[in-house]
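**Student:** Order-wise, the sequence lines are chains R and E.
Counting in full-length UniProt numbering, the first sequence runs from 1 upward without gaps.
Counting in full-length UniProt numbering, the second sequence runs from 1 upward without gaps.
Just to be clear, a hint being listed does not mean it is correct.
To be verified - Below, computed lysine-lysine pairings styled on DSBU-like, alpha-carbon distance capped at 35 Å:
1) Lys585/R / Lys13/E
2) Lys31/R / Lys500/R
3) Lys74/E / Lys495/R
4) Lys5/E / Lys585/R
5) Lys273/R / Lys26/R
6) Lys585/R / Lys500/R
7) Lys495/R / Lys5/E
8) Lys5/E / Lys100/R
9) Lys500/R / Lys5/E
10) Lys13/E / Lys500/R
11) Lys31/R / Lys80/E
12) Lys565/R / Lys13/E
13) Lys100/R / Lys13/E
14) Lys495/R / Lys13/E
15) Lys31/R / Lys74/E
16) Lys80/E / Lys495/R
17) Lys5/E / Lys31/R
18) Lys74/E / Lys244/R
19) Lys74/E / Lys100/R
20) Lys5/E / Lys273/R
21) Lys273/R / Lys13/E
Stated by the list, open to error - Chain R regions said to be covered by chain E (calculated; three or more residues, Cβ under 8 Å):
22) 71–81
23) 87–95
24) 233–244
25) 273–280
26) 283–290
27) 574–583
What the hints assert, rightly or not - Label pairs and their computed distance ranges (CB to CB):
28) Ala433/R / Ser6/E: 33 to 43 Å
29) Lys565/R / Lys13/E: 14 to 24 Å
30) Val25/E / Asp534/R: 34 to 44 Å
Calculated directly from the structure, the hints in this document are not laboratory data.
C-beta: ideal position from N, C-alpha, C; glycine also.
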Amino acid sequence: MSQFAINILFVGASFALYIGIAIWAKAGSTKDFYVAGGGVHPITNGMAIGADWMSAASFISMAGLIAAGGYANSTFLMGWTGGYVLLALLLAPYLRKFGKFTVPEFIGDRFYSRTARMVAVVCLIVASLTYVIGQMAGAGVAFSRFLEVDATTGLIIAAVVVFFYSVLGGMKGITYTQVAQYIVLIVAYTIPAVFISLELTGNPLPPLGLFSDHSASGEPLLSKLNEVVTALGFDAYTAMVDNKLNMVLFTLSLMIGTAGLPHVIMRFFTVPKVADARWSAGWALVFIGLLYLTAPAVASMARLNLMTTIYPDMAGQVENYDAAASNAIAYGDRPDWIRTWEETGLITFEDKNNDGNIQFYNDGADFEDRGWEGNELTVNNDILVLANPEIANLPSWVIGLIAAGGLAAALSTAAGLLLAISSAISHDLIKGAINPGITERGELKAARISMSIAIVVATYLGANPPGFAAQVVALAFGIAAASLFPVLMMGIFSKRVNNKGAIAGMLSGLTFTLVYIFIYKGWFFIPGTNNLADTPENWVLGISPLSIGAVGAIINFAVAYLVSKSSEEPPREIQELVESVRYPKGAGGAVNH
Amino acid sequence: MADEKSNAEAYWKANVRLITGCLIVWALVSYGCAILLRPLLSSIPVGGTDLGFWFAQQGSILAFIGLIFFYAWKMNRLDKQYGLEE
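Next comes chain E alone, as it looks inside the complex:
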């Protein structure tokens, strides 16, 4: 049925968009703030060192946890919205 097919396609597109957004944040906190952009952030002090160091040893891990829960919550809503939940 064309309707179900286009519904499923819309669901998959929304999922891929969500994944892309999450992975941009994922890369930004780790490869960005913690490594490549650290020199730019070095003027922001955090407890005896700079923001980049904090991202490398703490911030990125906290962001990863937040990202997974955000994705799971958002996807479970998408599942229902498109009527594709188990």
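If we strip away everything but chain R, and leave its shape as in the complex, we get:
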């Protein structure tokens, strides 16, 4: 069977499974549509959260980022997992106890303000829509590479599949497809990793392989990798980071942003009890951890594999790295996987010194004595995971599996985000503000219509990314961190923060974060409209625009506290609402008065 047929088989089978689940899990009520009926088992929910959370960014891009940045990019690993501690301790159990359908609904009720609810709706839609564009674009790339259709056709196929199970089943359909998608994506991610770890270190468990000895050289894998990359002018893989403030704030922004993303929070509304919300956060992190503990191993091993493919003499014990560096493979002898990826434009080669060999090194380093006139091979970070099975010469069914896994990661996150958007529109905007008298059936219909519109908009934007695709994830996290997380937390942990404080806090945190990002990235991301170049020398105190969400959150907290302090206390019934959210027992019956 050809590789193409195998890919079609794997992807087709996984899609058939998702559609089958959709038909089985059709939503009959708004409760089914928004919270899957409210009876999801915590382990099932943990798995669904895993797929909901792990997007194309986690599956496709993260290992590539770590491979390129080494220790410095550990921020993604810590940031995208540490947020779950905040969720489990500070938000999930209480929001579950509150027992409503959406995040803006809690903000509206707790701060007794329709304005606060609408501000939350806007934050939610902007954060989720920017995030979903990246997912659709990621699905498009996976399609065009593995199924040999162009990205737009691929996107439309993906959109039809998502449409089917999310419009039909709402949260109920999404929950069970996400469980299936989690299994597909985790199997697809770990199998190539196990093979590569065995090949490089003899250890079948990639997280242990990362800290084991490299079989071919007998040295620890990470020391070997450090030697290879520094011989080619790169920073050592495990090198310290000087700008620690920025590293801390970036990690903090990712953590707070993770905890504030509505599509993740919503998943905690689907379990029966408060205790289950706590357990499902733990299970979610176990399932996420399986991939996140594998990713750094994939990153370092793939980087080493890539280097030793180009410089075969560096693979074993090396006496003299200078000599090994002079013996690169000839461009004509490059392996097949480089040829395949050249067709997609994600690997490019230019023979700058016309010697017919590939020179692959840090472009900033000076190697004129080796006769090198510039780096000749450009490898896009995103291909690392997708190309992994080919680099390691794994059988062709593993490549089919990777294709299905990448699509599962992108589609499961897209569906969760689209549900967050459509429920904000039908439940918060239509039922909460425009037409409070809407019937149950009318609301369910409105939810389905807004879901359909959201899919069409996301597909269009995914096919025609508005020029800031690379920045959108940072924007989504910045918004969630600076606007939603602080008011949610204060709504539970403070009885004193009132409507004025919450609105002022959200608006100031959000405005501060957006302005700081726009100054460096361009106003509304329009190229050329930035006031300062986006380089470390220009950043205030060395804080990158990607790290600013944490500062925005601190401003949100401070403003909300000060404004509340200087205005009246929240009414008595709101203080009672806060108390009822704090205690698991009863439907508001925990507090007697």
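Got chain R sorted already, so can you dock chain E onto it with the hints?
**Tutor:** What follows is chain E alone, placed relative to chain R:
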């Protein structure tokens, strides 16, 4: 009733204390060991690199998982102890 009210308040205080303790560990493993204290831990070797690197790429994630399960277990006990479970 005053008793139930003070019981609920004691429960909430115990919860906040537990959260504070967990968040101290949370910050210590990630911002502490993995970033700010890494230079201090650089003399402790782990598989070709140092302890700080291990915390950054593995240790912190394992600690986060442990923390959430610890918190969930402890809270479920507190719920029962104070008679506030569902």
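**Student:** All the hints need checking, so say for each whether the structure fits it.
**Tutor:** Hints, one by one, checked against the model:
1. Restraint check for Lys585/R and Lys13/E: the C-alpha separation of about 16 Å stays at or below 35 Å, so the hint holds.
2. For a cut-off of 35 Å, the pair hint linking Lys31/R to Lys500/R stands: about 31 Å separates their Cα positions.
3. A distance of roughly 25 Å separates the Cα atoms of Lys74/E and Lys495/R; the hinted pair therefore holds under the 35 Å criterion.
4. Annotation: proposed proximity of Lys5/E to Lys585/R holds, straight-line Cα distance about 13 Å (limit 35 Å).
5. A distance of roughly 23 Å separates the Cα atoms of Lys273/R and Lys26/R; the hinted pair therefore holds under the 35 Å criterion.
6. Straight-line distance between C-alpha atoms of Lys585/R and Lys500/R comes to about 30 Å, which keeps the hinted pair within the 35 Å bound.
7. Proximity of Lys495/R to Lys5/E is assessed by CA-CA distance (about 15 Å); at most 35 Å being required, the pair is judged to hold.
8. With a C-alpha separation of about 25 Å, the suggested pair Lys5/E and Lys100/R falls inside the 35 Å cut-off, and the hint holds.
9. This hinted pair checks out: Lys500/R and Lys5/E have alpha carbons roughly 28 Å apart, not beyond 35 Å.
10. The straight-line distance between the Cα atoms of Lys13/E and Lys500/R is roughly 27 Å, inside the 35 Å bound, and the hint therefore holds.
11. For the hint linking Lys31/R to Lys80/E, the alpha-carbon distance of about 29 Å falls within 35 Å, and the restraint holds.
12. At most 35 Å may separate the alpha-carbon atoms for a hinted pair to count; Lys565/R and Lys13/E meet this at roughly 22 Å.
13. For a cut-off of 35 Å, the pair hint linking Lys100/R to Lys13/E stands: about 26 Å separates their Cα positions.
14. Restraint check for Lys495/R and Lys13/E: the C-alpha separation of about 14 Å stays at or below 35 Å, so the hint holds.
15. Taking the CA atoms of Lys31/R and Lys74/E, the gap is about 31 Å. The hint holds against a cut of 35 Å.
16. For the hint linking Lys80/E to Lys495/R, the alpha-carbon distance of about 25 Å falls within 35 Å, and the restraint holds.
17. With a CA separation close to 33 Å, the supplied pair Lys5/E and Lys31/R stays within the 35 Å bound.
18. Only pairs whose Cα atoms come within 35 Å are accepted, and Lys74/E paired with Lys244/R is accepted, the gap being roughly 34 Å.
19. Of the pairs offered as hints, the one joining Lys74/E and Lys100/R holds, with about 26 Å between alpha carbons and a cut-off of 35 Å not exceeded.
20. Restraint check for Lys5/E and Lys273/R: the C-alpha separation of about 23 Å stays at or below 35 Å, so the hint holds.
21. Only pairs whose Cα atoms come within 35 Å are accepted, and Lys273/R paired with Lys13/E is accepted, the gap being roughly 22 Å.
22. Here the stretch 71–81 of chain R counts 5 residues with a CB under 8 Å from a CB of chain E, which clears the bar of 3, and the coverage holds.
23. Counting residues of the stretch 87–95 of chain R whose C-beta lies closer than 8 Å to any C-beta of chain E gives 4; at least three are required, and the coverage claim holds.
24. Residues of the stretch 233–244 of chain R lying with their CB closer than 8 Å to a CB of chain E number 4, which satisfies the three-residue condition for coverage.
25. Beta-carbon proximity to chain E at under 8 Å applies to 5 residues in the stretch 273–280 of chain R; the threshold of 3 is reached and the given coverage holds.
26. Only residues whose beta carbon comes within less than 8 Å of a beta carbon in chain E count, and the stretch 283–290 of chain R has 3; three or more means the coverage holds.
27. Counting residues of the stretch 574–583 of chain R whose C-beta sits closer than 8 Å to any C-beta of chain E gives 3, which meets the bar of three, so the coverage hint holds.
28. The beta-carbon spacing between Ala433/R and Ser6/E, approximately 40 Å, falls within the hinted interval of 33 to 43 Å.
29. With their beta carbons about 22 Å apart, Lys565/R and Lys13/E fall inside the hinted range of 14 to 24 Å.
30. Restraint check, Val25/E to Asp534/R: a C-beta distance of roughly 35 Å satisfies the suggested window 34 to 44 Å.
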